[in-house]
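Asks: Starting from the known structure of chain A, fit chain B onto it as the hints suggest.
The residues making up each chain are set out below.
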Amino acid sequence: MNQRRLWDLLPRLTPVLAVLFALLVGAVMLALLGTNPWAAYRALFVGAFGSTNAIADTIVKATPLLFVGLGICIAFRGGVLNIGGEGQLVTGAIAATAVALAVPTWPGWLIIVLSLFAGTLAGGIWGGIAGFLKAHLNVNEILSTIMLNYIAVFGMNYLLRGSMMDPLQIKLGSFTPQTARLPRAADLPRLIPTRLHLGAAIAVLLAAAVYVLLWRTTIGFRIRTVGQNLRAAVAAGINTKRYMMLSLVLAGAFAGLGGAVEVLGLHHRMFTDGSAFGFTGSAGFNGIVAALFGQLHPIGTIPAAFLLGALLTGANKMQRVMQVPSALIGALSGLIVLLVVGSEIFRRRQMRRADKRNSELEDAVDAKENS
Amino acid sequence: MTWAMMVGILSSGIRLATPYLYASVGETIGQMSGVLNLGVDGVMLMGAYVAFFVALRTGSLSLGLIAAAGIGAVFGLIMAFISVTLKAEQGISGIGLYLFGLGLSTFLFGVTIRNVQTIDGFPDLAIPGLSRIPVIGEIFFQHNILVYVAFALVPIAWFVLNKTPFGLKVRAVGQNPEAADSLGVNVGRVRYLTVTLGGMFSGIAGASLSIALLNTFQQNLTNGMGFIAVALVYFGGWRVSGVLLGALLFSTVNAIQLWLQVKGVSIPSDFLLMMPYIVTIIVLAAMAKRRVNAPAALNKRFERGES
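Just so you know, the sequences run in chain order A and B. In terms of our numbering, the first sequence is residues 1 to 371. In terms of our numbering, the second sequence is residues 1 to 307.
Treat the hints as calculated values from the structure; they're not laboratory data. By construction, the Cβ of each residue, glycine as well, lies at the ideal position given by its N, Cα and C atoms. Check the hints yourself; a few may be wrong.
Over the 10 Å line for every Cβ pair with chain B, so calculated as not near, a few chain A residues [as the list claims (entries may be wrong)]:
{"hint": "1", "residue": "P37"}
{"hint": "2", "residue": "L148"}
{"hint": "3", "residue": "R161"}
{"hint": "4", "residue": "G162"}
{"hint": "5", "residue": "M165"}
{"hint": "6", "residue": "R181"}
{"hint": "7", "residue": "L307"}
The list that follows gives simulated cross-link-like pairs (lysine-lysine, BS3-like), each with its CA atoms no further than 25 Å apart [to be verified]:
{"hint": "8", "chain 1": "A", "residue 1": "K356", "chain 2": "B", "residue 2": "K87"}
{"hint": "9", "chain 1": "A", "residue 1": "K368", "chain 2": "A", "residue 2": "K356"}
{"hint": "10", "chain 1": "B", "residue 1": "K263", "chain 2": "B", "residue 2": "K87"}
{"hint": "11", "chain 1": "B", "residue 1": "K87", "chain 2": "B", "residue 2": "K169"}
{"hint": "12", "chain 1": "A", "residue 1": "K241", "chain 2": "B", "residue 2": "K300"}
{"hint": "13", "chain 1": "B", "residue 1": "K169", "chain 2": "B", "residue 2": "K263"}
Footprint (simulated), chain B over chain A, 3 or more residues, beta carbon under 8 Å [as the list claims (entries may be wrong)]:
{"hint": "14", "segment": "135-146"}
{"hint": "15", "segment": "152-160"}
{"hint": "16", "segment": "284-295"}
{"hint": "17", "segment": "338-352"}
So that you can see chain A by itself, here it is in the shape it has in the complex:
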C-alpha cells in the first residue's frame, strides 16, 4: 500500500524532479566546459540565500514572476496561451511611470494607487488586443502576444529615447534612455531594511484572490470550463468569446500590475537597454515557467516563483564570481518547461489508472452487495 502511495505522489513531485534534473544537466554542461559545477552551484546558492540581503533580493526577483505567473494561471486555465508577459510588463511599467511623473506633488499614497491602477489598466489593454484578435478573428494568441511583445518594446524605446527621457540626461548630454527618478513619495514602502518592498506582499495577497476567483466564483468556473472543454462550454451556453477575451485581459492586467510594481518598488524609474530583457529581466517568460512549475495553481505559483527567483538571483552571483554566464539558468528554465510539460503524459496515465481502479472497486462492491 505504501509503495502505491509513493507512486501516486510522483506527479506532484514532477516540478521538483524537473528542477533537479535540469540542474544535473547544467552541471554536466559546466563540467564539459571546464568549470567546477559544485563551485558554480555553491555561488548560485549563496547568491540566492547567503544573507538577509540575498534572500530579500530573491523575493524581489520573484515578485514580478508571481504577478505574471498569476495571470498565466488564469489564462492557461482559460485555454489561452498568453506569451505576452514581456510586453504587458513593459506597457504597465510605462503607464505607471507616466502617471507618477505627471503628478509628482500629490500625496504619496495617491500617486501609488493611481500608478498601479494605470499599470494594471495598460497591461489589461495590451492583453485585450490579443484577446480580441483571438476571440473575434481566430488569430493564434501565442503568435499575436509574441508580436505585441516586440511592438511594446520598440514603443518603450521610442518613448524613453524621446518624450519620456530624463531632462537631466538631456542637460548632461549623456542621453541614457531612461526617465527621471520617480517622486520619492511614490516609492513602495520597504518591508524590512533591504530592497524588499511591499510589492511582494501585494502579490501574495493577489494569489489568494486568484484562487478565490478561479474556484469560488461563477466567472472563474466559466473561465476554467472554456479552457478545459470548449464544446461543453458552448453547449452550456457560455459566451466563449467573452471569456477568452477576459482571460487575456486579466493575464495582461496582472503582468501590467507587476511591471508597475517593479517601477514603484525597485527601480524607481523606467529604463531600457534596447531590448525587453533589459528592464524585465525576462520576467515575462520566467513567469510562465513559474506558473507551469506551480501546476497552474495560484497558491502553488508562490513557492514556484520563489524558487525561480532564487535561481535567477543566484545566477547573477554565479556570473559575477565564476564568470559563468547567467544565460545557463535561462536555458535550464526552458529545459524545466520541457520536462514539466513533457511529463503530463505520466500524470494523465496516473489519473486514468486511478479512475480504472475506482470503477473496479465499485464493481466489486456492487457484486458483493448483489450476491
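Replies: Then chain B, alone, in the frame of chain A:
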C-alpha cells in the same frame, strides 16, 4: 529614389528572405504533418552559434553549415520526442525549446567566444551569364550559395509534399491521423521525420545569418525572426508558394525599413522596427477566413484509440 537604390533594396530583399525561407519551409513540413513547433527561433539561434563557432575554429564554412544542420536536427528530434512520444502541449513545448535554445546559445557564446567578432562568410557567387543581365542580374543572381539553395528549396519542398508518396503520408497525417493510422501509416514515424527535418532547416536558417548574411554572432541574434517564420506558414496558407510570397514580402519590408533608417527619414527608427511585427499581426488577422486550409490535426495530440 534612384534606380540604383531600388535595385539595392530589391537585392537586399532577396538576400534577407533566406533565413525566413529555410525556417518557414521547414516549419511548413512539420505543420503539414500536424505538429506546431514554436521553438524555431531557439533552434535558429543554436544553428547560428554552432555554425559561427565551428567556422571560426576550423576555418571551414561548410563544416559550420553541416554542424548547424546537425544541431538543428537534434533540437528537432527533441521537439518530436516531446510532442509525438510524450504527447505534450505543442505550443508550450515550443516556448520551452525556444528558451532552452536562446539560453544555451547565449551561454555557449559567453563561454567560448565571448567577444562579438566577424567572420568571412560565404562569398557572393555570381551565376555566370545570368548575373550579367542588367538590373535583373544584380537583383537575383549575385548572391551567396545559401541564398540560391533557399530559393531552390521551395520547388523541391513543393514537389516532395505534393508529388511523392512521403508527401502524401505527411499530408494525410496532418489532416486525419486516425484514418492514416488505420491504413497502416506510422503516424509517429512520419511526424518524427518532418519535425526533425524542420529543425534541421531552422538550424541552417540560423547558419545563413551567422556565416552568410550577417557574418557575426551575438546573443539573441535572431530577435524573434523564428516566430515570424512560424507566422509565415499561416500567412502562406500552408502552401510553400504562399510561404515564398510571405517571406519575400517580409524581407522587402525589412530592406525598405533598413534603407529608410540609413536615409535618416523623419519616421523614428523605432516605429520602422515595429513594422514587421505589426504587419505580421495584420496578416494573421486577415488570414482568419483562410484558416480552412490549416491541417485539421494541427496542434492536436494523436493517441491511438482516443477520439
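Asks: Does each hint fit the structure? Answer for all of them.
Replies: These are the hints, each one checked on the structure:
For P37(A), the requirement that its beta carbon stay farther than 10 Å from each beta carbon of chain B is met, with the minimum near 13 Å. Non-interface status of L148(A) relative to chain B is broken: a Cβ of that chain comes within 10 Å, the nearest being about 7 Å off. Chain B draws R161(A) into its interface by the beta-carbon criterion, the shortest separation being 7 Å against a cut-off of 10 Å. A cut-off of 10 Å between C-beta atoms contradicts the statement that G162(A) is not in contact with chain B; the least separation is 7 Å.
Even its closest Cβ contact with chain B, about 13 Å, leaves M165(A) beyond 10 Å, as expected for a residue assigned away from the interface. Listed as a non-interface residue, R181(A) keeps its Cβ farther than 10 Å from every Cβ of chain B; the least gap is roughly 23 Å. Every beta carbon of chain B lies more than 10 Å from that of L307(A), the smallest distance being close to 16 Å; the non-interface claim holds. Under the criterion of a C-alpha separation no larger than 25 Å, the hint pairing K356(A) with K87(B) is consistent with the structure, at around 21 Å.
As the CA atoms of K368(A) and K356(A) are separated by approximately 18 Å, the hinted pair is consistent with the 25 Å bound. Straight-line distance between C-alpha atoms of K263(B) and K87(B) comes to about 50 Å, which puts the hinted pair past the 25 Å bound. Between the alpha carbons of K87(B) and K169(B) the distance comes to roughly 20 Å, so the proposed pair stays at or under 25 Å and holds. With a CA separation close to 21 Å, the supplied pair K241(A) and K300(B) stays within the 25 Å bound.
Restraint check for K169(B) and K263(B): the C-alpha separation of about 50 Å exceeds 25 Å, so the hint is violated. Figure legend: the segment 135-146 of chain A, annotated as covered by chain B; annotation consistent (8 residues with Cβ-Cβ distances under 8 Å, at least 3 required). Coverage of the segment 152-160 of chain A by chain B holds [criterion: at least 3 residues with CB-CB distance below 8 Å; count 4]. Counting residues of the segment 284-295 of chain A whose C-beta sits closer than 8 Å to any C-beta of chain B gives 4, which meets the bar of three, so the coverage hint holds.
Residues of the segment 338-352 of chain A lying with their CB closer than 8 Å to a CB of chain B number 6, which satisfies the three-residue condition for coverage.
Consistency with the previously given hints fails for numbers 2, 3, 4, 10 and 13, ordered from lowest to highest.
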